[in-house]
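Novice: Please take these sequences and the hints and turn them into a complete structure.
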Amino acid sequence: MTGYDGISFDDRMETVEFRVAERAHIVVDSDVCRSCTTKACVTACPANLFAPTSDGGILFNYEQCFECGTCYQVCNAEGALTWTYPDGGHGVVFRHG
Amino acid sequence: MAEPRLVAVLARCSDLRVEVDALTGAVSRDARTVAFSSSDAAAIEHGLQLASAWGARTLVLTAGGPECDGPLRDVAALGAEVRRVATHGSYVEELAADERALARAMVSAMGERPDLVLCADRSADRGTGALPAFVAHELGVVQAPGLVSLERDGNELIAERRLDFGRRERMRVPLPAVCSVEAAGTRLRRASLPASLAAARFEVPVAEVAVPGPAVRVLGSRAARPRPRHLPAPTGSSRERLLALTGALLSHEPPTVIGPVDASGAADALLEFLARNGYLSEARTGYAAS
Amino acid sequence: MTDVIVVGAGPAGSAAALLAARDGLDVVLLERGPFPGSKNAYGGVVYGRVLDEVLPNWWDEVPVQRWVTRRSTMVLTEGRALTVDFRSTDWGKAPYNGCTTFRADFDSWLAGKAVEAGAQLVTSTVATGLVVEGDRVVGVRTDRSDGDLRAPLVIAADGVKSFLAKEAVLLPRTQAKHLTLGVKEVLSLPREVIDERFGVRGNEGVDVEILGCTRGIPGGGFVYTNRDSISVGVVVSVEHLAAAKVRAEDLVADLKAHPAVAPWVEGADLKEYTAHLIPEGGYDHLPPLSTPGMLVTGDAAGLCLAAGIWLEGVNFAIGSGLEAGRHARRIIETRDEKPYRAALEETFVLQDHKRLRGAPGVVLSERVQQQYPGLIADLVQGLFTVTNPTAKPGVVKLLRAAAKNNGVKLRHLMTDGLRGGKVFR
Ligand SMILES: Cc1cc2nc3c(=O)[nH]c(=O)nc-3n(C[C@H](O)[C@H](O)[C@H](O)COP(=O)(O)OP(=O)(O)OC[C@H]3O[C@@H](n4cnc5c(N)ncnc54)[C@H](O)[C@@H]3O)c2cc1C
Ligand code: SF4
Ligand code: SF4
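As given, the protein sequences belong to chains A, B and C, one line each in that order. Quick note: the first sequence uses this note's numbering, first residue 1, plus one each step. Quick note: the second sequence uses this note's numbering, first residue 1001, plus one each step. Quick note: the third sequence uses this note's numbering, first residue 2001, plus one each step.
Hints in this document: simulated from the structure, not taken from any laboratory. Certain hints may be false.
[Said to hold, decoys possible] In the SDA-like style, the derived pairs of lysine to any residue whose C-alpha atoms are separated by at most 20 Å in a straight line are:
(1) C:Lys2177 / A:Leu81
(2) A:Lys39 / C:Ala2243
(3) C:Lys2245 / A:Phe60
(4) C:Lys2113 / B:Pro1066
(5) C:Lys2271 / B:Val1027
(6) C:Lys2271 / A:Arg19
(7) C:Lys2245 / A:Tyr72
(8) C:Lys2271 / B:Asp1015
(9) C:Lys2245 / A:Cys36
(10) C:Lys2245 / A:Thr53
(11) C:Lys2271 / B:Ala1031
(12) C:Lys2166 / A:Glu78
(13) C:Lys2271 / B:Val1020
(14) C:Lys2271 / B:Arg1029
(15) C:Lys2271 / A:Asn48
(16) C:Lys2166 / A:Gly79
(17) A:Lys39 / C:Lys2177
(18) C:Lys2271 / B:Gly1025
(19) C:Lys2245 / A:Leu59
(20) C:Lys2409 / C:Gly2394
(21) C:Lys2177 / A:Thr38
(22) C:Lys2166 / A:Trp83
(23) C:Lys2245 / A:Ala77
(24) C:Lys2113 / B:Glu1203
(25) C:Lys2245 / A:Pro52
(26) C:Lys2271 / A:Phe18
(27) C:Lys2177 / A:Glu78
(28) C:Lys2271 / B:Thr1024
(29) C:Lys2245 / A:Asn76
(30) C:Lys2113 / B:Gly1070
(31) C:Lys2113 / B:Arg1201
(32) C:Lys2245 / A:Thr38
(33) C:Lys2166 / A:Ala77
(34) C:Lys2245 / A:Val42
(35) C:Lys2177 / A:Ala77
(36) C:Lys2245 / A:Arg34
(37) C:Lys2271 / A:Glu14
[Unchecked claim] Not everything, but these chain A residues come out facing chain C in the computed CB check (under 10 Å):
(38) Pro46
(39) Glu67
(40) Cys68
All C-beta atoms in this analysis are idealised placements derived from N, C-alpha and C, irrespective of residue type, glycine included.
Specialist: Rendered as structure tokens:
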């Protein structure tokens, strides 16, 4: 997938270091998402981690997350997202933030 | 053999995200991203587990500059003894270091003979995987490389190694030995809060052993620049080239339509196809058809 | 015995820890990242004068990329740009005005100052909650084993998402209305190329704030020069971004493709992509700044000025952190947190916020975001287009036409002008 910016999204995310933790710090309850009409997280997540599935749910992968918190701010369905910080020392590491 | 008393872990600590300038080839390292690689961390974890099972001491040794003290302090908070073998030289010199001499320096920095030496299978940046062999040679003990699991069996070890095609090899390793491990899902535990607080001001001891300079002298480093290759300009008009590339107007062998046939008819057709294209000898075809 | 627990080694936390430790208190500074700054991302300029009294000659030590000597405000519409450009050589020498720097560098440096002063920094440790007794905060829980830590004072400097302030019910859990998302690309370019493209020399740098580049989503953009890279990004209202179903990196791509920006970024390679939230409620939406046993500082308290052409937060974070640290001893002794807020009222931290309390409302209003850029561009284009042989049109006529063209009523222009005048007086 190449953005019209000439750099693919994968390459974009490649520039960022993630020290992936064993525990998923964000958990999405796809059953709740099925009844969500906005699916706001899908475009709002800057890391593009929310993938809609054909059955109306959401497939989520926590590994390349900026820990920015946008998803739980835009999500209006109670209980869809469990958001915590990754265990200390893990997760995103910015060097030019 | 008597109960093991000392488990030494040789852990390399380096910047895991070294930046190389694509234009100048300049390598820049950042002290803040200096850490143990996942296999080095796994080696430390195995060391802690085995040592506690035996009631032995764990000694974690790292060769490097003061930038390694942070990660070593974290290990000290886990209850291991730590020691840093001071190296000087630049990063590139360090990469070109004489590994045999380094192995000798590390062994002498241990102070006493270890019963087990653990280390990562290969370092993330140097990546020769030769150090454990040199250490084993130096100590005159057996070596087991590439391990994914290590279990204690009395005063010996049962180790597992990954082989090709998803197979595993289980072996018994007598001590003393040098074992190098892959991360394979083993993660280094985290220290408790009181231990981390206590270790925050801990001074990492530096071993005074001379680490000789590099075996290879680095005269300079630069980015790889392949020589330019002469490519002739394409001939023909762009339309002709496009046609040649896509084969749009060439004649093709039309697809063969077989069937509908029954199973044996289909098998015959397939065999005939294979024979026609030289994949099967006549004799074999005859055998299959009979 | 720990006297003060500071959660978060960002600018607010390190400033608080610095002064509390200098005051002889036993300070523990907790940071969830592997090193201070590793979790933090911002645009790019730190206004450091707030450090004058606590770290004299800070400018000799701060890990600076470039000193900002040129500041531009740009209004963009499709294919057009109006720039107000200001330069000052004063900003290029001590005590300077602002510098570009990366947070991994700056936050590590400031945390180092706190450690030098005697604070104990513990990284890779998340404060997962508060220890509360009665109505008092008496410590924090961490994600390490044996991880409870108690102290008579907790300073929450845990940034915009502040789960600690949320737990103490000082902040609502979600508040998309008052949050902006910032995304940034750091693009590498040789130093000389940057000097040439931006018309600067040596360690001089440029700060460009941009309006009208976000497809009408309330927000703005920025371009900052670093030593051998430039930072380009946008900040946009989370609520409106989500509603518009636009991806943030596409807005950055738009900005980079604009004819006024494209020549700056041409041929540059992406070095790092980052994203972070910003609180921008302004003075009118500040939460209570303390609860018994706990003070809230910096972004956690919403002390950040992010309204299009302003992006200031590090200075407010440091300012509020310093006051928290300075008054820590007294607060511990008297068990009365009021002096903290009182001190903030006396400093630029709350005075600026009070003065500019209407700024987010004005700068992020629909007309300023969606219609005025076009209006201004039309007006200026009208003024500067040489229409010979037709005679030049008058300004009033141009203004009328531009207003009409962009769906702005002159009466709106009047009221917005008055409102702006009041806000920015
Ligand atoms: C895109 C963007 C552009 C910006 N541009 C500018 C600019 O140009 N100039 C400017 O002055 N400001 C700018 N800002 C604002 C500025 O970044 C913030 O206001 C400032 O960083 C606030 O500092 P802080 O110390 O309060 O919080 P932060 O910098 O967020 O620090 C909080 C710290 O706490 C840690 N932490 C959080 N929770 C926990 C926990 N539970 N346990 C342990 N540690 C924790 C975090 O890891 C972090 O290190 C910008 C912001 C953004 C997002
Ligand atoms: S996470 Fe929230 S916003 Fe996203 S699909 Fe699920 S319910 Fe909707
Ligand atoms: S925290 Fe940010 S990056 Fe992570 S999933 Fe949520 S929106 Fe995406």
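Novice: All hints are to be evaluated individually against the structure, with a verdict given for each.
Specialist: Hints, verified against the model:
1. C:Lys2177 / A:Leu81: At roughly 19 Å apart (the allowed maximum being 20 Å), leucine 81 of chain A and lysine 2177 of chain C satisfy the hint.
2. A:Lys39 / C:Ala2243: holds (10 Å)
3. C:Lys2245 / A:Phe60: holds (18 Å)
4. C:Lys2113 / B:Pro1066: Holds: lysine 2113 of chain C and proline 1066 of chain B sit about 19 Å apart, inside 20 Å.
5. C:Lys2271 / B:Val1027: Given pair lysine 2271 of chain C, valine 1027 of chain B holds - Cα atoms ~15 Å apart, limit 20 Å.
6. C:Lys2271 / A:Arg19: OK: lysine 2271 of chain C and arginine 19 of chain A at ~18 Å, within 20 Å.
7. C:Lys2245 / A:Tyr72: Holds: lysine 2245 of chain C and tyrosine 72 of chain A sit about 16 Å apart, inside 20 Å.
8. C:Lys2271 / B:Asp1015: holds (17 Å)
9. C:Lys2245 / A:Cys36: At roughly 15 Å apart (the allowed maximum being 20 Å), cysteine 36 of chain A and lysine 2245 of chain C satisfy the hint.
10. C:Lys2245 / A:Thr53: Between lysine 2245 of chain C and threonine 53 of chain A the Cα gap is close to 18 Å, so the pair holds against 20 Å.
11. C:Lys2271 / B:Ala1031: Since the Cα atoms of lysine 2271 of chain C and alanine 1031 of chain B sit roughly 18 Å apart, the hinted pair holds (cutoff 20 Å).
12. C:Lys2166 / A:Glu78: holds (17 Å)
13. C:Lys2271 / B:Val1020: Since the Cα atoms of lysine 2271 of chain C and valine 1020 of chain B sit roughly 12 Å apart, the hinted pair holds (cutoff 20 Å).
14. C:Lys2271 / B:Arg1029: Measuring from Cα to Cα gives roughly 15 Å; hence the hint holds.
15. C:Lys2271 / A:Asn48: holds (19 Å)
16. C:Lys2166 / A:Gly79: Holds: lysine 2166 of chain C and glycine 79 of chain A sit about 17 Å apart, inside 20 Å.
17. A:Lys39 / C:Lys2177: holds (18 Å)
18. C:Lys2271 / B:Gly1025: Measuring from Cα to Cα gives roughly 16 Å; hence the hint holds.
19. C:Lys2245 / A:Leu59: holds (18 Å)
20. C:Lys2409 / C:Gly2394: Given that 20 Å is the threshold and the Cα spacing comes to 19 Å, the pair holds.
21. C:Lys2177 / A:Thr38: holds (16 Å)
22. C:Lys2166 / A:Trp83: holds (13 Å)
23. C:Lys2245 / A:Ala77: holds (17 Å)
24. C:Lys2113 / B:Glu1203: holds (19 Å)
25. C:Lys2245 / A:Pro52: With Cα atoms ~14 Å apart, lysine 2245 of chain C and proline 52 of chain A stay inside 20 Å; holds.
26. C:Lys2271 / A:Phe18: Holds, because 15 Å separates the two Cα atoms, which is no more than 20 Å.
27. C:Lys2177 / A:Glu78: holds (18 Å)
28. C:Lys2271 / B:Thr1024: holds (16 Å)
29. C:Lys2245 / A:Asn76: Since the Cα atoms of lysine 2245 of chain C and asparagine 76 of chain A sit roughly 15 Å apart, the hinted pair holds (cutoff 20 Å).
30. C:Lys2113 / B:Gly1070: Given pair lysine 2113 of chain C, glycine 1070 of chain B holds - Cα atoms ~17 Å apart, limit 20 Å.
31. C:Lys2113 / B:Arg1201: Satisfied, since the Cα-Cα distance of roughly 15 Å is no more than 20 Å.
32. C:Lys2245 / A:Thr38: holds (9 Å)
33. C:Lys2166 / A:Ala77: Holds - the C-alpha atoms of alanine 77 of chain A and lysine 2166 of chain C are around 19 Å apart, at most 20 Å.
34. C:Lys2245 / A:Val42: Roughly 8 Å separates the two Cα atoms, so the pair holds.
35. C:Lys2177 / A:Ala77: With a Cα-Cα distance of about 16 Å, the restraint between lysine 2177 of chain C and alanine 77 of chain A holds, given a limit of 20 Å.
36. C:Lys2245 / A:Arg34: holds (18 Å)
37. C:Lys2271 / A:Glu14: Roughly 9 Å between the alpha carbons, so the hint for lysine 2271 of chain C and glutamate 14 of chain A holds.
38. Pro46: holds (4 Å)
39. Glu67: holds (7 Å)
40. Cys68: Holds: closest Cβ of chain C sits about 5 Å from cysteine 68 of chain A, inside 10 Å.
When held up to the earlier numbered hints, the structure conflicts with none and fits them all.
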